[in-house]
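Given next are the chains, with one letter for each unit.
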Amino acid sequence: MAFIPTTTTTFTVTGTDLNGCTNTSTRTIVVNPIPSVGSNASANAVCSGGSVILTGTGAHSYTWSNGVSNGVAFIPTTTTTFTVTGTDLNGCTNT
Amino acid sequence: MATVRDGTQMRIIIDGYIAVSVNNSAITNINNSTSLRIGSSSCNGFVGQLDETRLWSSARSQCNIYNNRLYEYSATPTALLLNCHYNQGVANATNTSVTTLTDFSDYNYIGTLIGFNLSGTTSNWVDDGCNAQGNTSAPAIGTTTATGCNNYTWNGTTYTSSGMYTSTFNAANGCDSISTLDLIIGKPVSGGNDTGCLGTILKPKATTLINPVQDQSNVTYNAIANGSSPWQSFTPGINGTIRYFEAEIRTPLSGMAATVFVELYEGQGTGGTLLGTSTVKTISSTSTYAFESFDFSAQGIYLESGQLYTARLVTSSFNQAWFRLSTTNPYPNGLLNNNASQDLKFKTTMCEIKWYTAATGGTLVPNPSTASLGSTTFYAEAYDGISCYSNRTPVTLTIEAPLVGSNTSAAAVCSGGSVILTGTGAHSYT
Chain A
1 MAFIPTTTTT
11 FTVTGTDLNG
21 CTNTSTRTIV
31 VNPIPSVGSN
41 ASANAVCSGG
51 SVILTGTGAH
61 SYTWSNGVSN
71 GVAFIPTTTT
81 TFTVTGTDLN
91 GCTNT
Chain B
1 MATVRDGTQM
11 RIIIDGYIAV
21 SVNNSAITNI
31 NNSTSLRIGS
41 SSCNGFVGQL
51 DETRLWSSAR
61 SQCNIYNNRL
71 YEYSATPTAL
81 LLNCHYNQGV
91 ANATNTSVTT
101 LTDFSDYNYI
111 GTLIGFNLSG
121 TTSNWVDDGC
131 NAQGNTSAPA
141 IGTTTATGCN
151 NYTWNGTTYT
161 SSGMYTSTFN
171 AANGCDSIST
181 LDLIIGKPVS
191 GGNDTGCLGT
201 ILKPKATTLI
211 NPVQDQSNVT
221 YNAIANGSSP
231 WQSFTPGING
241 TIRYFEAEIR
251 TPLSGMAATV
261 FVELYEGQGT
271 GGTLLGTSTV
281 KTISSTSTYA
291 FESFDFSAQG
301 IYLESGQLYT
311 ARLVTSSFNQ
321 AWFRLSTTNP
331 YPNGLLNNNA
341 SQDLKFKTTM
351 CEIKWYTAAT
361 GGTLVPNPST
371 ASLGSTTFYA
381 EAYDGISCYS
391 NRTPVTLTIE
401 APLVGSNTSA
411 AAVCSGGSVI
421 LTGTGAHSYT
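Protein chains in written order, with the numbering used here: chain A, 1 to 95; chain B, 1 to 430.
Pulled out of the complex, with its shape left as it was, chain A reads as follows (with noise of 0.2 angstroms):
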């Protein structure tokens, strides 16, 4: 049955045959900690026609809604919230 570890941890699984007789195995679990994923922006007010960079902060590689790529510019066309999603070298992801 699936749980959720919250901490590293080692389990030890104890097997019991039909006779009674019992024997052990152990196997641990390791818990990583979710990156704290930042943001900055190159300006948070542009004119119509003006560029913005978006770069994500605390993780190894970031992801942006709107297919804005990270620490590219980009001219956005509307007032617009954009998400970025961080990874870090474990696969734990923030946003």
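Hints are computed from structural coordinates only; laboratory data are not their basis. Since the structure is predicted, the reported quantities are computational estimates derived from the model, not experimental observations. One thing to keep in mind: the hints can contain errors.
Derived contacts from chain A toward chain B, CB cut-off under 10 angstroms, selection only [what the hints assert, rightly or not]: (1) Phe3; (2) Thr8; (3) Phe11; (4) Gly15; (5) Thr22; (6) Pro33; (7) Val37; (8) Ser42; (9) Ala43; (10) Asp88; (11) Gly91; (12) Cys92; (13) Thr93.
Derived coverage of chain B by chain A (criterion: at least 3 residues anywhere in the stretch with Cβ under 8 angstroms from a Cβ of chain A; other residues may be distant) [what the hints assert, rightly or not]: (14) 395-403; (15) 412-418.
Note that beta-carbon positions come from the ideal geometry of N, C-alpha and C, so glycine has one too.
Put chain B on the given structure of chain A with help from the hints.
Structure of chain B alone, referenced to chain A:
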């Protein structure tokens, strides 16, 4: 009350104890030319009640009188000349037709009642009010049941076969008393092939010629006549203590049942030794041979390999029937072929397996545990259900742990992620 003349010694014994004892060399014998009168006198007759009158031709000891004082005497030894129980008539009723007193000795005297009204509550047959009425056994210390392997020693005597034995012991009151021993003797196992279990059928091989021993004359071959069959002989191929004996019986008369039992002898019939008789059973008529199991479990008869045994069927009412030792196939005329491959069917009780912690002595382990890991040697011993045991055979019990493993749906997860852990190699997991 008893009176005893022992030579010149005269005794009156009351309730088993000597009340008067005198020596009188002037005692004269009386003759038996006139009738013996009980309670009669030329002066006044006996006024009272009588129950049990015994007259012996030899002096009885005080102990014998003490031991038998409360009992009717059922045995009829030659020395017991008169044995009246007075268990006649209907108490205090009209008994005018019951005018004689019965004697239960071997001499069967008939007493005549004189001067009795034989009605009402006096001068009549009365209730004896005796708790011992109907108790026809002489007192004894009791019956002891015992078992022995090969032999059993009781009161200084060693017995080597099953049976009922009696011996004289000193009772608590200093008197001699007779005790009975119900003894079952088992035999030790040899050869190591008597490993059947209770209720299973062993098939010892008949290793020698098996033919009926026709030591009865004027009987139809293998047919029952005069209440018993001719003999069937056999020689078992193994040792064993049998409890059941299977034989095939055919009775040609339809609609008829009879009680039957089997006699088993060592040697040739009545020329040998009767080992035992089976319990009596009732069988119905059969037009073909049918197996019947005869129960010798009370004796637990031991049979030795290579010895000649004979058996016959004894019946209550069939005037013709066939009886043969069971085999896997029928044989004409009830003959068993001289064929070493034929098997006789016996059941044995050398069967129960007991487990011990040591080759000798040790502790009985009814159910060896399998819960602890490692190797333990137990010693198995066969028990015949009577008193004999086999040598112990060591058996090593090794309990190994299960090879438990585990699987996981993920070795690492991000905080908040779920995992499924699965155990392998066992029956249940925690």
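Against the structure, the hints come out as follows:
Residue-level restraint check for Phe3(A) holds (minimum Cβ-Cβ distance to chain B is 6 angstroms; threshold 10 angstroms). Given the 10 angstroms rule on beta carbons, the hint for Thr8(A) holds: about 8 angstroms separates it from the nearest Cβ of chain B. With its C-beta approaching chain B no nearer than about 6 angstroms, Phe11(A) sits inside the 10 angstroms limit, and its interface hint holds. The restraint placing Gly15(A) at the interface with chain B holds, with a minimum CB-CB distance near 3 angstroms, inside the 10 angstroms limit.
With a least beta-carbon distance of about 7 angstroms to chain B, the hint placing Thr22(A) at the interface is held under the 10 angstroms criterion. Checking Pro33(A) against chain B: minimum C-beta separation of about 5 angstroms stays under 10 angstroms; hint holds. This hint is violated: Val37(A) has a C-beta 13 angstroms from the nearest C-beta of chain B, more than the 10 angstroms allowed. Among the interface hints, the one on Ser42(A) is violated; its C-beta lies about 31 angstroms from the nearest C-beta in chain B, farther than the 10 angstroms criterion.
At its closest, the beta carbon of Ala43(A) sits 33 angstroms from a beta carbon of chain B; the interface hint therefore is violated under the 10 angstroms criterion. Annotation: Asp88(A) was flagged as interfacial toward chain B, and the flag holds, the nearest CB pair being 9 angstroms apart, inside 10 angstroms. Satisfaction of the interface hint for Gly91(A) is found here, the shortest Cβ-Cβ separation to chain B being roughly 7 angstroms, below the 10 angstroms cut-off. Annotation: interface hint on Cys92(A) holds; nearest CB of chain B at approximately 4 angstroms, less than 10 angstroms.
The beta carbon of Thr93(A) is positioned within 10 angstroms of a beta carbon in chain B (closest approach about 8 angstroms), and the interface hint is therefore held. A stretch counts as covered by a chain when three or more of its residues have a beta carbon under 8 angstroms from one of that chain; for the stretch 395-403 of chain B and chain A the count is 5, and the coverage holds. Counting residues of the stretch 412-418 of chain B whose beta-carbon sits less than 8 angstroms from any beta-carbon of chain A gives 7, enough to reach three: the coverage restraint holds.
The structure fails to meet hints 7, 8 and 9 from the earlier list, while all remaining hints are met.
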